[in-house]
Each structure stands twice: as C-alpha cells, then as structure tokens.
Amino acid sequence: MQCYQDSVNFLSGVVVLAGLWHLWHHTKAQLSYGRYRERSPLLRTVPARIAWFLQELPCLLIPLLLMLTSHNPSMMGKHLLLGTFFLHYLQRTFVYGLQTRGKPSPLVVMALATFFCSLNGFLQAHYLLNCAQFDDEWSADYRCKAGLLLFYVGMAINIHSDYILRNLRKPGEVVYKIPTGGLFEYVSGANFLGEIVEWFGYAVATWSLPGLSFAVFSLCFIGPRAFYHHRFYKEKFKDYPKFRKALIPFIC
636 MQCYQDSVNF LSGVVVLAGL WHLWHHTKAQ LSYGRYRERS PLLRTVPARI AWFLQELPCL
696 LIPLLLMLTS HNPSMMGKHL LLGTFFLHYL QRTFVYGLQT RGKPSPLVVM ALATFFCSLN
756 GFLQAHYLLN CAQFDDEWSA DYRCKAGLLL FYVGMAINIH SDYILRNLRK PGEVVYKIPT
816 GGLFEYVSGA NFLGEIVEWF GYAVATWSLP GLSFAVFSLC FIGPRAFYHH RFYKEKFKDY
876 PKFRKALIPF IC
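Heads up, my numbering is the position in the sequence shown plus 635, with the first residue counted as 1.
These are computed hints drawn from the structure, not numbers from a lab.
Keep in mind that the hints are not guaranteed to be accurate.
[To be verified] Distance windows between CB atoms, simulated:
#1 Lys-869 - Ala-791: 21 to 29 Å
#2 Val-744 - Ile-883: 25 to 33 Å
#3 Ala-781 - Glu-870: 32 to 40 Å
#4 Phe-885 - Tyr-787: 18 to 26 Å
#5 Trp-842 - Ile-794: 19 to 27 Å
#6 Leu-717 - Asp-776: 38 to 46 Å
#7 Leu-696 - Leu-742: 17 to 25 Å
#8 Cys-638 - Leu-696: 33 to 41 Å
#9 Cys-887 - Leu-699: 19 to 27 Å
#10 Phe-885 - Arg-804: 45 to 53 Å
#11 Asp-776 - Asn-802: 16 to 24 Å
#12 Trp-656 - Lys-780: 51 to 59 Å
#13 Leu-742 - Ser-642: 27 to 35 Å
#14 Cys-887 - Asn-802: 26 to 34 Å
[Said to hold, decoys possible] Simulated pairs of lysine to aspartate or glutamate, EDC-like, Cα-Cα distance not exceeding 20 Å:
#15 Lys-812 - Asp-797
#16 Lys-780 - Glu-820
#17 Lys-713 - Asp-771
#18 Lys-713 - Glu-772
#19 Lys-738 - Glu-808
#20 Lys-738 - Asp-771
#21 Lys-880 - Asp-771
#22 Lys-812 - Glu-870
#23 Lys-738 - Asp-797
#24 Lys-812 - Asp-874
#25 Lys-877 - Glu-820
#26 Lys-780 - Asp-770
#27 Lys-713 - Asp-776
#28 Lys-713 - Asp-770
#29 Lys-873 - Glu-820
#30 Lys-880 - Glu-820
#31 Lys-880 - Glu-870
#32 Lys-871 - Glu-808
In this text the structure is predicted, and so the values were computed from the model without any measurement.
Beta carbons: idealized from backbone N, C-alpha and C, even for Gly.
Based on the provided sequences and hints, a complete structural model is requested.
Below is the structure:
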C-alpha cells in the first residue's frame, strides 16, 4: 500500500483538534458519561461491556487488515504496532471490555467512540506500516527504548488501577468508595495517568506525528476526567486524603 503522507498529516491534525475540542467543551459543561450523565428514559443506551467491546474492536481489526494487505510493510513499524498499539487494544477489548462493571453507555457516545477508534486505528497502522522510515538500528535507539519503557510502565499502572476500581464494590453494590492502593495513594485518576503515560511512551518509541497526535488527544480527552473525579471525591467524602492530587503526583 502506498504511503499517503498528506493524508497522514491531515488525520493527525484531526485527532489533535478532536482532543482540543473535547477539552474546551468539558471546561464549559459537565461530563456526560458514568456518574455525571443525566438520566433520561428517552436516551438509548448500550450495556457497558458490549459498548466497550464494539468501540475498541476497530483498533484491532483495522491494523490487522492493513498488515495483511500491505506490500513490503516496514518490519520495525510492524513490530512497534504489534508490541504497543495492538497489545493495548487486545487488553482493552478482550480483558477490560469484557470485565468492566461500568454503567450503560449512550448509543451516540458508543458510535462516536467507534468512529474515532476506526480513524485512529487506520492512522497509526498505515503510518507505521507504510510511511515510517526506521533504520536497522532503531530498536537500539534511546528513543525507542525509553518510549517502550514508558509505554509498558504506563500500561502496568493502567491495568493495576483498573483492577482496583473494578474490585472496589461487590456485585450489586451501588455506593461509591474511595480507591486505595497503587498510584491511587497519590492521585485520584491513577488509571487515566497510566494510559496517558502509555501513549506518550508510544509517541516517543515511534517518534511520529500520528503517535504524538494521539498522545495529545489522550491527554485532552481523559485528563479532565481525573479532575472531575478528584472534585467528586472531595465533595462526597469529607475524609478524602488531603495530599492526594488529581492526575500528577505531588503537582496537580
């Protein structure tokens, strides 16, 4: 498959703009998911597990399709794609997605998430397979090593934090509890911090505009959730730890 660099640059810009729009929008209005979503009998929803599975699946299927149809794909790009992007979405689709106990997702939110995952899955896979120019020594480059280290540390934080959140309440319980353990001892959004670290690590390892654009999108998209959660916990629990920050330990 031919590399369409202009399209890659355009789609990278779209991803960043989507993140910035989300950041701006949610400084003006409350979030519309989970504990913050207003209930309406007219709002069509999808069970959380089905919604997560369907919306994350394109980030597996589209890169896999491109790998099967690309002629002479970049082997280093293929390695990075399988080792980072693909691995993350295997976990999010088949592990997190099928274990989540979250509340039903609005159908329109699921549809938008599916569209974005399709676009981003194509962008990242097409660039790494057909556009990226990695030399034979890239795997030994400090940027690749440091980026992969960041990615896997972030992924470990994200998975461990999701495990803590998933086991906060027993099945059937509806009360909110204060998460403890791991990085939750330092920040309210440990799961979000882990994922943000993942994608900035991916951006460094791939040293690419598409990778950076997705990292910036992730920061703008899920970063605000940590601050909403932090505010929610402080308002709901009078004994909430005073030293705990929202997203970055000891800072904010």
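Here is how each hint holds up against the structure:
Taking 21 to 29 Å as the suggested C-beta distance range, the pair Lys-869 and Ala-791 conforms, at roughly 27 Å. At roughly 27 Å, the beta-carbon separation of Val-744 and Ile-883 lies within the given 25 to 33 Å, and the hint holds. Checking the proposed 32 to 40 Å range against Ala-781 and Glu-870 shows it holds: the Cβ atoms sit about 39 Å from each other. For the pair Phe-885 and Tyr-787, the supplied restraint of 18 to 26 Å holds, since their beta-carbon distance comes to about 23 Å.
In this structure, Trp-842 and Ile-794 meet the distance hint of 19 to 27 Å, their C-beta atoms being roughly 25 Å apart. Take Leu-717 and Asp-776: their Cβ atoms lie about 18 Å apart, and the range 38 to 46 Å is violated. Between Leu-696 and Leu-742 the beta carbon distance is about 21 Å. The supplied range of 17 to 25 Å therefore holds. For the pair Cys-638 and Leu-696, the beta carbons lie near 21 Å from each other, so the given range of 33 to 41 Å is not met.
For Cys-887 paired with Leu-699, a C-beta distance near 38 Å fails the hint of 19 to 27 Å. Distance hint for Phe-885 and Arg-804: a CB-CB separation of about 29 Å, inconsistent with the stated range 45 to 53 Å. Remark: the range hint 16 to 24 Å for Asp-776 to Asn-802 is contradicted by a beta-carbon distance near 39 Å. Checked against the hint of 51 to 59 Å, the pair Trp-656 and Lys-780 fails, with Cβ atoms roughly 34 Å apart.
The hinted window of 27 to 35 Å between Leu-742 and Ser-642 holds, with their beta carbons roughly 29 Å apart. Taken as a hint, the range 26 to 34 Å holds for the pair Cys-887 and Asn-802, whose Cβ atoms sit roughly 27 Å apart. Between the alpha carbons of Lys-812 and Asp-797 the distance comes to roughly 14 Å, so the proposed pair stays at or under 20 Å and holds. Our distance criterion of 20 Å between C-alpha atoms is broken by Lys-780 and Glu-820, whose separation comes to about 28 Å.
Restraint check for Lys-713 and Asp-771: the C-alpha separation of about 13 Å stays at or below 20 Å, so the hint holds. Restraint check for Lys-713 and Glu-772: satisfied, since their Cα atoms lie roughly 15 Å apart, inside the 20 Å limit. Taking the CA atoms of Lys-738 and Glu-808, the gap is about 13 Å. The hint holds against a cut of 20 Å. At roughly 47 Å between alpha-carbon atoms, Lys-738 and Asp-771 are farther apart than 20 Å, so this suggested pair is violated.
Taking the CA atoms of Lys-880 and Asp-771, the gap is near 42 Å; set against the 20 Å cutoff, the hint is violated. This hinted pair checks out: Lys-812 and Glu-870 have alpha carbons roughly 13 Å apart, not beyond 20 Å. A distance of roughly 15 Å separates the Cα atoms of Lys-738 and Asp-797; the hinted pair therefore holds under the 20 Å criterion. For the given pair, Lys-812 sits about 11 Å from Asp-874 by alpha-carbon distance, which is consistent with the 20 Å threshold.
The suggested pairing of Lys-877 with Glu-820 holds, with an alpha-carbon distance near 11 Å, which does not exceed 20 Å. Annotation: proposed proximity of Lys-780 to Asp-770 holds, straight-line Cα distance about 15 Å (limit 20 Å). Proximity of Lys-713 to Asp-776 is assessed by CA-CA distance (about 17 Å); at most 20 Å being required, the pair is judged to hold. In summary, the hint linking Lys-713 to Asp-770 is supported, as the alpha carbons are separated by about 13 Å, within the 20 Å threshold.
Simply put, Lys-873 and Glu-820 have alpha-carbon atoms about 16 Å apart, close enough for the 20 Å limit, and the pair holds. For the hint pairing Lys-880 with Glu-820, the CA-to-CA distance comes to about 9 Å; that is within 20 Å, so the pair holds. For the suggested pair Lys-880 and Glu-870, the alpha carbons sit about 14 Å apart, so the restraint of at most 20 Å is met. Restraint check: the Cα-Cα separation between Lys-871 and Glu-808 comes to about 17 Å, which is no more than 20 Å; the hinted pair holds.
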